[in-house]
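Residue numbers (the working numbering), protein chains in the order written: chain Z, 371 to 869; chain H, 663 to 984; chain U, 366 to 615.
Calculated directly from the structure, the hints in this document are not laboratory data. Worth double-checking, as some hints may not be accurate.
[To be verified] Calculated lysine to aspartate or glutamate pairs in the EDC-like style (CA-CA distance at most 20 Å, straight line):
| id | chain 1 | residue 1 | chain 2 | residue 2 |
| --- | --- | --- | --- | --- |
| 1 | U | Lys-615 | H | Glu-735 |
| 2 | Z | Lys-416 | U | Asp-502 |
| 3 | U | Lys-615 | H | Asp-737 |
| 4 | U | Lys-615 | H | Asp-731 |
| 5 | Z | Lys-542 | U | Asp-414 |
| 6 | H | Lys-763 | U | Glu-376 |
These numbers come from a predicted model, not from an experiment.
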Amino acid sequence: MDDLPPPSFPSGRRLGIAVHVLVAASLFLAILVMLNYLAARHPLRKDLTSGDRFVLSPLTLQVLQNLTNQVRITVLYDSEIGLFSHVDAMLRIYRSLSSKITLDVVDYSLAPGRAIQIRDRYNLGRDDKDLVIFEAGKETRFVRSSELSVYDADVNRMLQGGSREVRRSAFKGEALFTAAILTVSEAIRPRVCYLQGHGEHDPQSSDQNGYRKFIELLAERNVSVDPLTLGATRESLPPDCELLVIAGANSPLEANTLRKIGSFLDQGGRLLVLMNVESLAIATGLEEFLIRWGIAVRPSVVADGQQTTGGSDVLVGEFGAHPVVNSLAHGHHKVQLLLPRTVGKIPEKFMPADPPKVEQLLFTSNAGQTKSRIRDGTAYYDSRIDIQGQMIPIAAAAEKGGLAGVTANRGASRIVVVGDSFCFGNQLIESASNRDFAGLAVNWLLDRQQFLAIGPKPIHEYTLRLTPTQLTILRWLFLMVLPGSVLLLGIIVWLRRRA
Amino acid sequence: MIDSPMIEVHDLTKRYPGRTAVDGITFTVGRGEVVGFLGPNGAGKSTTMRILACFLPATGGTARVAGFDVYREPDEVRRRIGYMPESNPLHLDMRVREYLKFRARLKGLGWQRSRDRVDIVLQQCGLTEVHRRITGQLSKGYRQRVGLADALVHEPDLIMLDEPTIGLDPHQIRAVRALIKELGKTTTILISTHILPEVEMTCSRVLILNQGRILAADTTENLKRKLSLDGQVIAEIAAPHEALRECWRDLPEIERWDVAPADGEWFRVALTPRNGADLRPLVFAIVRDNEWSLRELTRSRHSLEDIFIHLTRQQGKDLPGQ
Amino acid sequence: MNVILALIRRELGGYFKSLIGYVVIAAVLFLFGFSFVDMLGKLNGIPQDAPVTEQFYATVYFWVILLITAPMITMRAFALEKSTGTYESLMTAPVGDWQVVLAKFGGTLAFFALVWLPLLGCLFIIRHFTGDPATLDPRVTAGTFFGILLIGSLYMAMGCFASSLTRSQIIAAIFSFLLGVGLFVLSLRSAALSPSESGWGAVLDYTSVMRHLFDFSRGIIDTRQVVFYLTGTAFFLYLTQRVVESRRWK
Ligand SMILES: Nc1ncnc2c1ncn2[C@@H]1O[C@H](COP(=O)(O)OP(=O)(O)OP(=O)(O)O)[C@@H](O)[C@H]1O
Ligand SMILES: [Mg+2]
């Protein structure tokens, strides 16, 4: 038969088909890889949540689009820690928006080795954690977890004498991250001046009362810190100075120095004043100066009958409602002060015209006591003028909206006054949450106008409240009843249907 | 395509590593034929059927079903066949009707039509009473019927049944036989089986396969004739022994003869004709001429089984060891 | 399409007519219940800010459950049919290889989705005990389940592929478990590797399934991840189809 149809199974067919299949499979794989590559190049993220949690502000978008330097962001976090989810999610959006950004998320509990590398690289302490590091060129800027939240204090409850319930209400990562990226990538270093010449703490010293660690804390924020002596020769503070720190002056400030500080503040300058017990008996001039800003620094030492470790220190666990201390209140943190002075708000009737907004930040417990009679360099309680058995303020913050025109570039003037300066010394800054407190105060003071436009993102915080009985019931339900009944059903079906 | 034979197999070979299961077989099954597919265990019957059902590829050769190539147009082929595999695999967790319904849908029948067809095949295969039962709980015979019903459900042009009657009781075998006869009027059927009487009764043709080769492909009648196995004549004759032995010698029609003493003066004579001729008139004439007595004269009929054994024995010496 | 639907129905029926379906559901309920109760105990009374779905789904438990159940669900897909012989009657019916593959995949995925469905109830329990309706954002929940479905589809496709290679369910389960664990370990590895250090890091980060689940559970849908899962699923289904088809020429 010549007209036989071609064989169904010609010889050599298998090899041909095998090659064909291999080639087709690799082609298909190549197409899929290409699709993925395309997708990776043109990412699109859609946030399903209602709160615009992951929609960035125009300012951030602009900063990201104009990035010219490589910015390396390292997140050193434990993913179980609160806020991690927000930090991570937000920084991922940053990375997706700019190819200049590399993001490296290190969970130190999962990858302890890498955590050590990072700590070495950035000269961090062995237990330093929960922070975001921004690096571009030689510039670095750290953002710590304590800075990231905005809290809502339930003020009414506090007024009723109850313990304060503070809820985390928003996440201000975007403002901090964008500012950090901008400062490291453009090497903008806000300038901080450290006043000297009046017995202030030594900024270089590593002694227990030296301020070296405090200066490092400032440097973490990518600011340059310059010592400043405001002698007769200097007409004013450097024009680019953002923050003036006066840490523990214990001799009087010259009138003209105070005048220069005053005009610096009027132009939207920021001031951190740390008073201490050593200047109790003398008038440094700052006391009077601060009255104009609604803050009263009294010549008395504060003690706390309950919240103390050695008698001379005060462990502060009561906080006012203010951005500087809200996160401390939320985390039930403590701040340890040594022989602090009373720093409070002056009574309403003595407030100057055009009053600043003043909040008291730190308080003793209900067992607070002031001591204002000084004998042999020691302060004693004087029943005639001193008070006790109530919460006594130890730190305060004031803010005044800028004068139109004059301060447009710097925004509001801000002042933080703390009744103790040893608490930020090399030794005490490590105890309790002093470091966080210092950082938060500096952050608030350095807050720059342009980033105020970046609103914090609301966070919904919720708390599960189950009684032990309810937990037990749920445990039984999930571990026994539900799986057991399904299994039982299965066994019944199986018994009835088995072949 | 309509006039093409139902199955055309040419030089089909299937090799497994170290073994040739089907060795260059060629055969044709015309439309409307009912063909029995025979062969000892391991002959390659199931393998051939699997190739025809597009389940296995062959190593070489050509196979076409209803004019469609099994390799190139497997969809067309599969649409036209109803195949019941050797082990009769079923989803044992399904109910009978559910299973048949599922199979009917799988074979592309519409919703209404699959219902109708399932009802019909349930009837045809005697499954009506058990249609709610779970197939896994049925006896083997009933499962066999379910498999059969599955093969029929979409009214295929070609039905291939691989040992459909194992496990059936005699009644059922009869019923299946009748069913096959009935179906055979309209459809082409290829049955592999070891039950030879069944083939003899239902099939118009047989294919005998051994060790992957076709030994015979013909109607049973033709086979019998060709193999000259037919027509052996047994006669019991009372005659002198010597004369009885001598008288066949010169007859050209007779190939072999054998004379054995029976009781008394009777001898039993077995005569094998040379080319299938009927020897009975000749025997009778010889007895009459010699005036002997004749008390029995039969022409033995060989069954298919004899043919099968005869054909497959020579090569079958090494069968058990396969 | 009718054929695919008939096959999917049969697949799903298979789970509920045998013990395995119930065992899988009970196992998932137990394991998830265990993680759920554990999380409840841990988080009780402590204010939380991460979405509920992230707290309760993007956990290691989820991966344990997925890695264990995916092979259990998929191992029977092809291997069981091959070992009982029904594969022969299936493949000699006029069905396309793609129809069979898609139906097997569809059946396993549908069962996978069913297995996870009752766990929505857990979210309502949480909502009840926080006494705060805003705790549960339905869109985030939808995103989470969408993500679970996507991840599930990749794992089901891998399982179907493993099952198509062998006639032994055990081997299929082991193989698909290895595939699944491999992918998971890659994502663990990516946690320990900086994406900036090498191209590898970036690839690992891109394929990090753990990462993806985090995003989904926060209500973020990222096209990259969707593309990753869809192409991954397509790839394994393609391989499965090739394996099924190879029967006809090997
Ligand atoms: N998968 C396989 N691998 C290797 N050899 C095989 C395979 N399947 C079948 N064979 C061999 O092919 C030959 C033909 O087998 P086949 O099943 O076709 O025989 P059969 O004629 O159906 O026998 P039976 O009457 O016992 O059913 C046998 O020798 C068998 O050992
Ligand atoms: Mg056989």
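Against the structure, the hints:
This hinted pair checks out: U/Lys-615 and H/Glu-735 have alpha carbons roughly 17 Å apart, not beyond 20 Å. Proposed proximity of Z/Lys-416 and U/Asp-502 is supported: the alpha carbons are some 15 Å apart, at most 20 Å. A threshold of 20 Å between alpha carbons decides the hint, and for U/Lys-615 with H/Asp-737 the separation of about 18 Å falls inside it, so the pair holds. At roughly 17 Å between alpha-carbon atoms, U/Lys-615 and H/Asp-731 fall within 20 Å of each other, so this suggested pair holds.
A threshold of 20 Å between alpha carbons decides the hint, and for Z/Lys-542 with U/Asp-414 the separation of about 14 Å falls inside it, so the pair holds. Between H/Lys-763 and U/Glu-376 the CA atoms are separated by roughly 15 Å; this keeps the pair inside 20 Å, and the hint holds.
Comparing the model with each earlier hint shows no violations; every hint is respected.
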